[in-house]
Amino acid sequence: GAGVSQSPSNKVTEKGKDVELRCDPISGHTALYWYRQRLGQGLEFLIYFQGNSAPDKSGLPSDRFSAERTGESVSTLTIQRTQQEDSAVYLCASSLAGAGGPWETQYFGPGTRLLVL
Amino acid sequence: QKEVEQNSGPLSVPEGAIASLNCTYSDRVSQSFFWYRQYSGKSPELIMSIYSNGDKEDGRFTAQLNKASQYVSLLIRDSQPSDSATYLCAVMTSGTYKYIFGTGTRLKVLA
Numbered sequence: 740g741a742g743v744s745q746s747p748s749n750k751v752t753e754k755g756k757d758v759e760l761r762c763d764p765i766s767g768h769t770a771l772y773w774y775r776q777r778l779g780q781g782l783e784f785l786i787y788f789q790g791n792s793a794p795d796k797s798g799l800p801s802d803r804f805s806a807e808r809t810g811e812s813v814s815t816l817t818i819q820r821t822q823q824e825d826s827a828v829y830l831c832a833s834s835l836a837g838a839g840g841p842w843e844t845q846y847f848g849p850g851t852r853l854l855v856l
Numbered sequence: 006q007k008e009v010e011q012n013s014g015p016l017s018v019p020e021g022a023i024a025s026l027n028c029t030y031s032d033r034v035s036q037s038f039f040w041y042r043q044y045s046g047k048s049p050e051l052i053m054s055i056y057s058n059g060d061k062e063d064g065r066f067t068a069q070l071n072k073a074s075q076y077v078s079l080l081i082r083d084s085q086p087s088d089s090a091t092y093l094c095a096v097m098t099s100g101t102y103k104y105i106f107g108t109g110t111r112l113k114v115l116a
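Taken in order, these protein sequences are the chains called D and V. Read in order, the letters of the first sequence are residues 740 to 856 in the working numbering. Read in order, the letters of the second sequence are residues 6 to 116 in the working numbering.
These are calculated hints, taken from the structure and not from any lab test. Glycine included, C-beta positions come from ideal geometry on N, C-alpha and C. A portion of the hints provided could be inaccurate.
What the hints assert, rightly or not - Cross-link-like lysine-lysine pairs, in silico, DSS-like; alpha carbons within 25 Å at most:
hint: 1; chain 1: V; residue 1: K72; chain 2: V; residue 2: K113
hint: 2; chain 1: D; residue 1: K750; chain 2: V; residue 2: K113
hint: 3; chain 1: D; residue 1: K796; chain 2: V; residue 2: K113
hint: 4; chain 1: D; residue 1: K796; chain 2: D; residue 2: K756
hint: 5; chain 1: D; residue 1: K796; chain 2: D; residue 2: K750
hint: 6; chain 1: D; residue 1: K754; chain 2: D; residue 2: K796
Unchecked claim - Which residues of chain V face chain D? A few of them, derived with a C-beta cut under 10 Å, are:
hint: 7; residue: P15
hint: 8; residue: S17
hint: 9; residue: V18
hint: 10; residue: P19
hint: 11; residue: L51
hint: 12; residue: N58
hint: 13; residue: Y76
hint: 14; residue: K103
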């Protein structure tokens, strides 16, 4: 089926505004991850969802960041009162089980490029 | 010490040569290891995964894992200019769900 999709592909916003980023995982994938990648940097883990378990929010950088997931489908990452340092590419990935083993390979979406002016 | 370390590069190799990319990790109980390729402005895509000590080959790519030395590498044979990208090493500990990514090695294959 289709891969991971994300929207919007690009988002320009003004400092202080709220933004909402969307991720549609691969159908049947129970695990979903959000990462942030600043220009020229590696991937920074933000949050992880696995089925109906409580999400692991340990990577969220501040309380301005939150994320939700509807069952095992769509997820939204919300950034409130955006700051210039939030400018980055936000990547979503999904995997079949997220519990270890050969089926844990993460597949990435194309990302949302966020620019905060 | 960073959990997953990679030389940032750039690593420059001539076309047709073997490119060797290295990654070390600090957590001895790490179980799963992945190499992703990321072209500039694109998202990471999986190249290889490896779970057991030794070599795993897939086409021009060979992943090598040495758990005793906490070392994983990726060899690219017959390097092509199209292999020019950043290669990310990722490590996952069994029973967890977090990937720890290295910062990546930028590879340049010179035509």
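Which hints from the list above does the structure break, by number from lowest to highest?
1, 2, 3, 7, 8, 9, 10, 12, 13
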